Structures are given as structure tokens and as C-alpha cells.
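Protein chains: 2
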Amino acid sequence: MAKPQKTAISPTRAENYPDWYQAVIRGADMAENSPVRGCMVIKPWGYAIWERLQGALDRRFKATGHENAYFPLLIPLRFIEKEAAHVEGFAKEMAVVTHHRLTAKDGRLVPDAPLEEPLIIRPTSETIIGEAFSNWVRSYRDLPLLVNQWANVMRWELRPRLFLRTSEFLWQEGHTAHADEKDAREETMRMLEVYREVAEDELAFPVICGEKPEFERFPGAVNTYCIEAMMQDGKALQAGTSHYLGQNFARAANIKYQTEAGDWELCHTTSWGVSTRLIGALIMTHADDNGLKLPPRLAPTQVVILPILREAEDRARVMPFAEELCKAVSAQIFSGEPIRAKVDARDYPAPDKRWEWVRKGVPVILEVGPRDLENRTAAFTRRDRLEEKKAILPDSEIALRIGGFLSDIQGSLLHAARAFRDRRLRADIADLAAFTAAFSGDEDNSFASSLGFVRAPWCGEDATQETLKALKVTIRCLPFDQPKSLGPCVLTGKPAVAEAIFAKAY
Amino acid sequence: MAKPQKTAISPTRAENYPDWYQAVIRGADMAENSPVRGCMVIKPWGYAIWERLQGALDRRFKATGHENAYFPLLIPLRFIEKEAAHVEGFAKEMAVVTHHRLTAKDGRLVPDAPLEEPLIIRPTSETIIGEAFSNWVRSYRDLPLLVNQWANVMRWELRPRLFLRTSEFLWQEGHTAHADEKDAREETMRMLEVYREVAEDELAFPVICGEKPEFERFPGAVNTYCIEAMMQDGKALQAGTSHYLGQNFARAANIKYQTEAGDWELCHTTSWGVSTRLIGALIMTHADDNGLKLPPRLAPTQVVILPILREAEDRARVMPFAEELCKAVSAQIFSGEPIRAKVDARDYPAPDKRWEWVRKGVPVILEVGPRDLENRTAAFTRRDRLEEKKAILPDSEIALRIGGFLSDIQGSLLHAARAFRDRRLRADIADLAAFTAAFSGDEDNSFASSLGFVRAPWCGEDATQETLKALKVTIRCLPFDQPKSLGPCVLTGKPAVAEAIFAKAY
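Protein chains in written order, with the working numbering: chain A, 1 to 506; chain B, 1001 to 1506.
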């Protein structure tokens, strides 16, 4: 039997998937738990990835005519009450501000000056933006109103996990108002397509686009659309949602406009959002037992150059060559921007630094030592093919080929994720017995199992929720691409209304 | 007597300066009060200016080696208590979270599930970042640690004013740790210089750089440096601060590193910050009785093109010319980026749209009507010289000259602000009687008065605080450029230690 290979991340995915996930984050130095339960500190490497992702999204939001704005962190209790009154399934775990002063008493500080009305830290800004829109919209000339907000939000989480489920997280929420249904529906689909494109072209993971069944809809929405991704344990992660809200929210918030003819009409509204959760999805899609693998487009550093200094006197000779190489690489273009390269000159042993960058998922590592000086070469490692032998390349080739390598890595990551997803997407499950068997693996440690998505016909009946709940399975979406004819419902044997994607989920 | 000119903003600066300020913000559609007292909604035009300003700062932070990170919104009470224990002048107006649930009771929602320890919405992240640094720093190899955070913070304000003083505001806070005093002091001055450069080169207002006297220091700092700007009512506004904290904060938070020799030493730390307050300063520096004037570098739209449509059939002829002009202008460069131009095709009367853009402070307005089509001309208005007659320029000239115009506007705004500041900076006040007279104008409506800065020698004695307090005057800073010899203290007649800038302040 082959000796198990030593890996940079322990435990491995097969040993303990949830613990592996935490270890990847720790190993890449992306985030950590804070002294406030459920809230995380996003460390520089994790935050730089978020900034890149924000940039990729924000460029597309602006290109499609949206403007950013900022709404208050705190929401008056009466706004939440109004929402709670007409929305079933209202989440009640929220941070409540009740006082606005701290006063010293017996050597301690105690809350003082109670507020007349408690304030809630926004779990979403839906209600307060609705209130603003009702003041901002007056005439058909003001429509469409296309607003986005980048913000922190808070939902008290009892079982937090870094990036995936934290009490505080960062997100964007788009809110738009339109004169008619057609315009609002187009917006809903346009933003879903923005999310699909960012997931596949930037984050390099494939997603299934579709609609949520009625019982999985955002409360109050007419239609909820989503992009669903498969993690390496076969579970689904909802990576983004886009809601067509009809006139429901406009009615609740009184968002009306005067038509060209002079009548007053309710707007049709939409909302859509993604969050730092996407970083959790990025990790669980691409990372392996040696740590993170970053798609080059989102990598804060794309190429790291490590000087190998065996003797103290090597520094004076090797460093200038490393800097020269860095300059040559930085002068090249990838994805329309100069390549982000840096020399890691820190006074740590080279192997330690190498493994640090492997764990951080930097796409390309170049190593240059005293012997490379004479030959003017560098050892070249692709993070996505770490197991392969390092290539020794002449310096004249490196700068010229690096953009191509990065492009190939970006494509390879997407390809590998798609192949994985397709391998574990089963379309051959025909009845409840097979369905039950397909979802009976060990849920908490399913990397090595065959757990995945099941794509099968579904009858659309509410009662199927009970069957699914017992199996801890959910309908992720009804994909947009539907076959011309459908077999019977996999759960009930009744005539089906659509094919659905079934999965266990984060 | 000349008939008073009609202005776009009412009241004017001379009529009621504080109300004029609010009216400029309303007229430019930058921000509004929210349903939560003291918290503002930053509307798209205001937020787009903030995004430009963020970009200008963030580029410089990164160019000087800083990385962004994100720390939790909530801070445990015990952290604040620890700080309060060793810091005098501790501010106690803070939002306190005491519960993490809302529960329905008699048809209302009430706070439920009390927290074991109350949590405070961050008034600054000093303590929680200190705690993180104490875990992150281990070795001299990890230093300097250069971190910045973009975040919302909250300090309960009883007398809020949009941008200038709001309970919630947006800011950045830089926190750095260094191996020695020299490195930390260099950092402190480097970041002050970043602030000066952004104020003068981007925001186009001149600032005085200097050090705060001891009694105006950030609590716990060894030195506090600042940039001070003069508003149009002659009051000072502290536009940014940079603190050298010595080892005080490192001692409190236990931020230690192992030296190359193996000993453990306390770090030297710094912190520095600016906020959305800068937008208040921008308004009060450049706006006039017709609204905002934006420095072109920060203007979300630099050139707006207004089609003048007198008859319905004009649209089909004029719009293509307007679009063509927009394309030609957008193909030109200003300050290293394509010029940001747009056609305002909204179905509102042209004069209304023109005044809207004047109030919003867009640097250049181009108007094209049916007659311009034949001559291929456009009417050209510079917002900073609104009173001048519109220039009629041939379309062949406009695109080529526009970058130069924008550059000239950027320079002119700074020049005008500097001339205003210098005019109201008095260096001729020699004794307390003259000093008292200089500051005896109507504080709340001082646009038309001669209120301004006084630059005069100061004895450095703590007791002078009382004299100043009675006059509602503060020492803004001891400017870096000091004369070789000093006269006697303007307040006491005693020997002076430095020249100081005295002013009433926001």
C-alpha cells in the first residue's frame, strides 16, 4: 500500500471535510473568529479576494446602469413589525439596540439612556430602502430607479462558520423600481445573468440557473431565481438570488409613480444579492488538501517570486535577478490588467514561504536561486498542478508565457469544477427508493462519497416538502433548460411539472 | 440699488449659512435624513463622490504598502471598559446591543434573548484591532504590519448634521505596528502627507499641516498630527488626523514581537483616519449660492450634455448630435482616465435639467439645440464661472479642449479656496483684546463676517484653555512651518513656544 502523501492541510477532505474547510482558511490566512461570537475578522488575504470580487461585480452593476447608495445600519422596530405582519416565515434572530449610552457604575460600564423605540441592526435593508424609494419616485421620468448598496448586515447565527454563515457578513443588495412588469422582469433576469457570469468567468465555478419552487421563494416575492453551485462534498450552495417582487413590496412601501397620462401607478420592484458567502463557495470548489487554489482573475497576487538564499551572501546576487524578473512579469498583461507579481523577500526559510503561498493559492510560483543566475532560469510551479515536477524555464520565456499560463489556469479551474459537478449530478434516479439511497450517505463527511445533485422530474406538490424534509434534501431550483417531455415525479410517481435539482445544501 | 440676483439655493450663504449648507445638499441630491435620528441616507450622487474619494485614498494606501482588512461591527463591553479604565475623556454616547431576538407579544415585537455581555457598535475599531494585532505579530519579520479598514462606525450624536456630524458615518481607519519608533514616526508623517495630497490635489482645498497641542491629542497618543481646512464661514474643519501612539496601545493590547536577537519587545503603533466628513468640507469649501461645485477629479460626471428640444420633432435630429459629441468627449483623457461624460436625455424641460446639474456641481455643461446642428456648435458653461456668458464653441474644438478646461477648473477651485483662506487668515493679532475682537462675530452666520483663522504665538500653557473655551475658540494646530523667532503669546503675553492656528471649529 502506498504511503499516504503528506499534505499542507490537515485534516484532508476525506478525513474530515468540515474541519478541512476551517484549516484551509487558517492555512491561507484569510479570516479568523473574532472575540464576538459569530462575527469574523476578514484578514488581508481574504479581504483582498473580496475586493477583487466586489470590483468584478461593481463594474458589471455600473455597466448595466446601476448606482450605489448607502442606507442606515439601524432600522426602527416599527419597520420590522410592518414587514413581520405581512410576511410569514419572518426570521427573528436579530441584534437589538436598546440604549445609546454607557455609564460608569461601581467600576463597570452599564447600558444607559434607553431608546424610545428599539433599533435593529439591518438583516437586510429591504424595508428602509422601500421607504426611501416611496419618497424618491414621483414620475415615470424617474424610472427605472436602479440602486445598489454594499454593506455589512447581521443575522444572529447560533452555529456560525467562517464565510458560509456568520452573524455579520458583507454583501451587496440591489433594489430597483420599474414602471411595468416587463421592465422589472428583464432586470431580474439581467442581474441573475450578471451573477452567473461572475461565478463562471471570475470565480471559475459552474452554476445551475433556475427558479426556486414556491415554498423556497423569498417571502413576498413573485419569483425567486438563483444560481446553485456544487461543493466538493456534493452539497449545494446558493451562490446568488434575484427576485421579481411584482407590486407586493411597492404596495407595502407605497412606491408609486405618475404615468405620462397623469395617473398614479404602483411600481414593479426587484431585489438581488450576493455576499462574502461566495468566498466560502470559492474555497469549497477549488481548494484541495494543500490549501486554496485561486482563479487568477481574483488572485490578489498572481505570481510570487521566491528568492532561494542558501548562504547570506546569496542575497546580494539573487535579489536583483528576482526583482528584474518581477518587473518583466509585471509589464505583461492578463485579462486586461498588468500582471500582479511580487517578490517575497521576507527573512523566512524558502520552503516555509513556498508552502505558505501554496496554501494561499497563488496561481504561479517562481523560484530563483544562485544556480539560476548563471543560466538565467527560474523554476516554475502552477498551483493547480502542484504534483507535477517544477518546470525550469529560461527568463526570456517566462514573462512572455505567463499571461497564457494564467489564462490556462483560469480555464482549467472552471473545467475541473464542471467535470466534478457533472460527475456527481445524477439524472438516472427514477423512484423514491433510489432517491433515498442516493441521499443516504454520511452528510457531515461526504467528500469521499457519491453524494451530489439529483436531477429528476417533480410533481410540484406542496406535500413533497415533507418527504424532502425527512431526507434533509431541498429542491435547489427548477433549471431554466427543461426537457420537452417529462417522466413521472421521482418522489410521488405522479405527472411532473418540471425537472428539479435536488440536493443537500449549505 | 441692484436687484438681488435669483439664486438656485435658498437661503444664500449670507442669509443663513447653516441652512444654506443643508439646502446645497438637498439641491444636489447628495444625502437626506433617514427615519433613524442622526443617521443619513447617502444618495447616489453623494455616494459616487465618496467612491471617487475612497478610490483616491485607497490607491495611495496601497501604493504605500497597506492592505485592507475587515473587523467586526460589534465590540464586547469588556474591551470598552479596558479602554475606559486607562483613557480619560472617554466618550460614552454609543449604541448598545443588549438582545439578539425579537419575539411577538400582544401583536408587537419585543426584544428578547438578552446577551450575557452587551455589545457596542464600534465607535472606532482601535481596541478590537489591537487584540487582533497581539495575535498576528510574532516576529520582527512580520513588521511593519500595515492595515487599513473601510467601515461604518457609530457615535450617538445629539445634534446631527449631514456629513459633518452623523451618528453613523463611513470612514477608514489605518492601524499599523512597527519594530521601532523611527519607522512608526515615518509612517505617521507619510499618512498625514497622503491626506494633505488628497485634500489639495483631489478635493482641491488647501490645508494647514501641523501638530495638535497636548490637550487636543487623541487620548493615549504621543503625538497627534492633523490637516486643518477653512470653511466659507471662516470656521476650521479637521479634515484628517494621524497619530503616533508610541508603545502605549501596544502595552494595553500586548502587541509584542521577537527581535532578531530573540528578545520580546513592544511594538510602536500608529493610527490615522478620514471620514465622510470630508464631503461636508468639500461642500463648505466650494459650493456657492447656486449649489455645489465639484473638483473635476472627484466629479462622478465631469461633462453633461443637454439636448435642447423645443419641438417634439427636434429629438430625432438633436439626440444623435448630442450622442456624437458625448462620444468624442469620452474619447479624451483627463487625469489619466477617459473623461466621464453623459447625455441627459430625460423628458424634463431643458432649463430644469440645466439648473439641476448646476446644483449638482458638474464641472462642465454643454447644451445643443436645433440651431447648433447646422453650425455644429455647442454652448459651453463652466460651473466655476457660471456668471460668465456661455461660450459658443465649434464641435471640432470641444473634445480637444475639454481636458484642458477640466484641468483649469481643478486648479482654479484650489486657487480660489487658497485665496479665500489666506484672506481670512490673520497674522496681525498681537494681544488678547484684538484676539477677542477677531472672534466676536456672529458664530452661526459668519459667512459675511471676517471670522477666520488667527495665526499667532502661543505660550503652551494649559491654563490658556480656559481663555479659549470662554471665546469658543480652539487651537487647531501648531503648524510645521514655524518662524525662527517668536513674539510673546497672544493670550498671555508670556514667552511663546510656537505659533498656533486659532479658530472656531466644526
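If you're looking for bench data, these hints aren't it; they were derived computationally from the structure.
Do not rely on the hints blindly, as some may be mistaken.
Said to hold, decoys possible - Going by beta-carbon spacing under 10 Å, a handful of chain A positions derived as facing chain B:
#, residue
1, Val36
2, Thr98
3, Glu260
Stated by the list, open to error - Listed next, the in silico EDC-like pairs over lysine to aspartate or glutamate satisfying Cα-Cα at most 16 Å (straight line):
#, chain 1, residue 1, chain 2, residue 2
4, B, Lys1353, A, Asp142
5, B, Lys1092, A, Asp112
6, A, Lys92, B, Asp1112
7, A, Lys105, B, Glu1081
8, A, Lys6, A, Asp289
9, A, Lys256, A, Glu337
10, A, Lys62, B, Glu1051
11, A, Lys353, B, Asp1142
12, B, Lys1105, A, Glu81
13, A, Lys327, A, Glu337
14, B, Lys1082, A, Asp289
15, A, Lys342, B, Glu1067
16, A, Lys342, A, Glu324
17, B, Lys1342, A, Glu367
18, A, Lys389, A, Glu367
19, A, Lys82, B, Asp1347
No experiment lies behind these values; they were computed from the predicted model shown.
Just so it is clear, CB atoms sit at the ideal spot from N, CA and C, and this is done for glycine as well.
List, from low to high, the hint numbers that the structure doesn't satisfy. Result: hints 9, 14, 17, 19 break, sorted rising.
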